[in-house]
Each structure stands twice: as C-alpha cells, then as structure tokens.
Amino acid sequence: MSKRQNIFIIAFLLPAVIVMFGVIVYPFVYNIVISLSNMSLRHFRDWRIIGLKQYVKVFSEGIFYSVFFKTLIWTFVNVSFHVLIGVFLALVLNRKSLKFKPIFRTLLILPWAIPQVITALTWRSMFNYEYGAINIFIAKYLNLSPVEWLLRPFEAFTACIITNVWLGFPFMMVVALGGLQSIPQELYEAAEIDGASAWQKFKNITLPFLRPVMAPAITLGIIWTFNNLNIVWLVSNGGEPADQTHILVSYVYKAAFNLYRYGYASALSVVIFFILLAIGLYFLKKTRAVESVYE
Amino acid sequence: MNEKVKKILIDFSAYLFLVIFTSLTIYPVLNVVSISLRPADKLLSTSLSIIPEGATLSSYISLFTETLFLRWLLNSTLISLAVMITGVTLASTAGYALSRFKFFGKKAVMIGILITQMFPATMLLLPLYIMLIKLKLLNSYLGVIIVYTSTALPFCVWQMKGYYDTIPVSLEEAARIDGCNQFQAFYKVVFPLALPALVITALFSFMSSWAEYVVAAQILQEPELYTLAIGLKQFESSMATQWGLYAAGSLFVSIPAVLLFLILSRYLISGLTLGSVKG
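Residue numbers (my numbering), protein chains in the order written: chain W, 1 to 295; chain H, 1 to 279.
For the record, the hints were derived by calculation from the structure and aren't laboratory data. Beta carbons are placed, not taken as given, at the ideal position from N, Cα and C, and that holds for glycine. A couple of the hints might just be wrong.
[Stated by the list, open to error] Far from chain H by the CB rule (all over 12 Å, computed), these chain W residues:
#1 V56
#2 K99
#3 R105
#4 L110
#5 L121
#6 E130
#7 L151
#8 R152
#9 I161
#10 W233
#11 A278
[To be verified] Footprint (simulated), chain H over chain W, 3 or more residues, beta carbon under 8 Å:
#12 30–41
#13 218–225
#14 236–248
#15 265–272
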C-alpha cells in the first residue's frame, strides 16, 4: 500500500471518526463511571463510587425481566412488519407497468416524513376511548364495542406497536427501492431470454442484490426499534397504565429523568447496551453484512 | 390469452394493495387536518368527517400570531440543514474509504460504527448534558448540531459504504487508466453514480434532527431557542384547550419535511448505473 493511498484513506475517514467518537466515547466512559456511583438527585454533587451495587439492584428486581421480555416482543413484531411491508411495497412500486407511481410513493413515505413526536401524539389522540377516530370507526362501521386502548396494559402496548409499524415501514421501503434501482436491467433481460420464472428472477437476481443494502438496514432497524423511546413514551404517556407498557429504554428514561435515579439508570443503560450488542453482533454475523456483493 | 388475464389480475392486486396501504397511511394525516379546522368549542367531537361542521382557520391564525411558532420553525430548519450538510460530507468520504480500501482495523471500524447505534439514548443523554454545560454549549444550536450529527453519522457511513460496494470498481480503474488520480476517480466517476444513496443519506440526516425531541428538550431550554418538537409538546401538554393549535402546528412541521422529500426524490431515478459497465 503506497504512502499516498494511506494519506487518502486517513483524509477520507478521519473527520467522521473524530466527530463520532469525540461525542460518543467520552460520554460512554463517563456513563460507566456514574453507573458505579450512588449519583441521584439527593447525591448530585457529593456522589461517590460504590462499586457494582447498582448492577446488583438491576438484576435482583423482577421488573427488569418482564420489561426485557416485552422489549423482545416489541422488537420482533415491529421489525418483521417493517421489512415485510417495506420490501413488498418496494417490489410493487418497482413494477414497470404501474401508473401513478410517484403519487403512491409519495403518500406511502408520509409516515417517515412526519416527525415521530407528532406521529405518537396523533395516534395517541386516535386511540382515545371516547373521541378517538379508531373507536368511533369500530363502533360505527364494525358495530363492535369500543376498545379501552390506553387504559389496559395489553391494549396500550398493542396501540404502541400499531403506531410503530405505521411509522417504520417507509424507511425499509425506501432502502429497498434504492437497492432495486442498483440492479442492472440486463440481468433481468438475460434471465427472460433463458426462460426464468418470476420467482427464479426474484430469488437469483433481486434478493442477492437487495441483501447488501437491506442487511445493514434490518440490523439497524432491530437496534433502533429496541431503542425507540419516542413511541412507547408518548403513546402510552410514560408507561401508563401503571408502568405496564414499558420497554427497556422507556423504563430507564423514567428512572433517570422522572425518578432521578442516575446511578441506577446508568447501570441499566450499560446492561441494555450489552444486550443490544449481543443481539446486534449475532445478527451481523448471520447476515454477513460486512461482506459486499462483489467480494 | 391466459397470460393476459394473469397480468390483469396481478396489476389489479397491485393497485388494491397500494390503495389499502395508502389509505392507512393518509388517514391519520386527514384526522389531524380535521382537528386543525375544528372551531374551539367542537375540538372534542365524535364525527368522522374530514371537513368538520363550522370549519374555521382560527387555529392557524392564533398559531402564527399568538405563539413563537415561526421562530421554532426557523430554529429547526437551520439545525436540520447544518446536520444534513455535515452528515453527507463526512459520510460520502468515509463510506468510500471503507468500501474501496483494505487497511488494518477496517473491520473494527465497521463494527465500531455499528456499536455506536446500540447505545440506549438515555446512556449518552445525561453525560452529554453535563459535558455541554462544561463547554458552555447548553442553550446553543451548536450543541444540538454536534449531538445530532454524531448520532446520524454512523448509519450514513454504513449505508454509503453498502452502496459504493454495488458500484463496480472497474469504473474507477478505467478512469485511472484514462489519467484520473484517486480523488478525481472518486468525485468524477463514483460520486455521481452514488446519487441515490447520497439522497437517502441526506434525507436521513435531515429527518433525524427534524424529528428529535429527547435531546433537544435537554439542551434547548429557552422558549426562543425551542425546536418544533419541543414547541408542539408544549401545546400537547394542555391537549383539551390547545388541540387545535397542536394539529395546525404539526401539519406545518410535516410540510417542509414532505416537500424536501418530493424535491429530493426526483434524484432517485432508476438506472443510474445502467449501461455503465458492459460485461
């Protein structure tokens, strides 16, 4: 490798690396320090290191396990729907004979364009028992009794999932559309001459080209969904009813900023990070996302 | 004949599927439109019609005359544009280096980038808050821009790298043979071909800051400095009286984002690499 090439690599990579790690590595280390301390609202300035006590507290409380279980369900259900709906819509939108394509594409992207805070608060208002559009629709057109969406744990959690599925699929759709457009048309032409079926073309041309673009998107989709604070926090209004709708990040957010348990929240943050790290690295290895299609 | 019937059936189900999904997508938006047009005494109504009885623009008028909404709009626009430009510049170069060269620690950098995405938001928020106080960046746009860029960038780099990987190296090799140096081969040949990915990257960094509430709420605490998300949350906290303001405001927040998307999505034209490599 020549010296000139080394300079080229450094010049291209360094600015991004400095920006990312400068604002992430330092807070990360500081967070670990807090997690080993007794910092709270009462001990904000006179905090001291108390060892692993906060971690012991995290694992000895039963609520950690039930919230963790809910987080897994939340992540799996959401990402599955995002990818299925997103890729399928991208394939439909990529059909050459389709008319009004720009209109459909534009309208389908709306949930992504709309800020999550607004999505969450708007859906919360639509799930309202008396005045929400969903219950009014259920009563008027389906002739069923209205659902207490935000008042019961299961229904409130379902409401959060519905909201998050709605806002998440356009991202996967746009990524998949980008991937579909990088596929050389000659490949399909050649396959057609060879008499390949639609399924064969999909399996042997579309999927291999989609994979390098979709795999990182799915991996990050899992991480983002696992970590999505906005929706659960705002739709369920901070874990209502009775802190029964929390996923790990909303639970830790409440511990930090509503209950001011800084040491405990930092320790729980570290635990969440390692859970995600394990899931993420496993998924990354499985999809071989680091490898590129031309290697 | 059979082929023709099959094609019509496929087309029909494609349209049906699209229409169902599009309706589900736009209904919540129409619902907000409806609330924004309701007169103050009918905010809590059980009607499903989009244009409410006694429709009025009074919510819009008070939004612009009685609140700081315009100021928040400006704040959010400036912050998001700054994040977008920084994000695209850094990601397009870093992604290229990661895609084209083998160097020691490359895999570690790729995994390191991904690991940054696994921090729960709360883990960085408290330490960052204290850090920004020390740097006197609390209540400043720069503080918010730095945090937003650092959270959006890892994905942007990763996505750009993935896209560069799908552009054949033979194109640059040809450019090098024709006398381009390494940098020229990058910005004259690869950069234009990577336009769809650049658009996705730009959109992503813009949206990630435009939509953000949790970080901004900690850093920007003066009403003059609020971004749109914090401002709207203020309306929401007194939903019963300010539901109309919230609805009208949230439509205005969504409009720039949607417009930006419409302008940029023209560049997502298919077949940019079409025919550039034969064989």
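Evaluated hints:
1. V56: Non-interface label stands for V56 (chain W): nearest chain H Cβ at 19 Å, farther than 12 Å.
2. K99: 9 Å, violated
3. R105: 7 Å, violated
4. L110: 5 Å, violated
5. L121: Violated, because the least Cβ-Cβ distance between L121 (chain W) and chain H comes to about 5 Å, which does not exceed 12 Å.
6. E130: 7 Å, violated
7. L151: 16 Å, holds
8. R152: Holds, because the least Cβ-Cβ distance between R152 (chain W) and chain H comes to about 21 Å, which exceeds 12 Å.
9. I161: Check passes; 15 Å lies beyond 12 Å.
10. W233: At roughly 8 Å from the nearest Cβ of chain H, W233 (chain W) sits no farther out than 12 Å, so the non-interface label is violated.
11. A278: 9 Å, violated
12. 30–41: holds (count 3)
13. 218–225: holds (count 4)
14. 236–248: Coverage by chain H is violated here, the residue count being 1 at a Cβ distance below 8 Å.
15. 265–272: n = 5 at 8 Å, threshold three: holds.
Checked against the numbered hints listed earlier, the structure breaks hints 2, 3, 4, 5, 6, 10, 11, 14; every other hint is satisfied.
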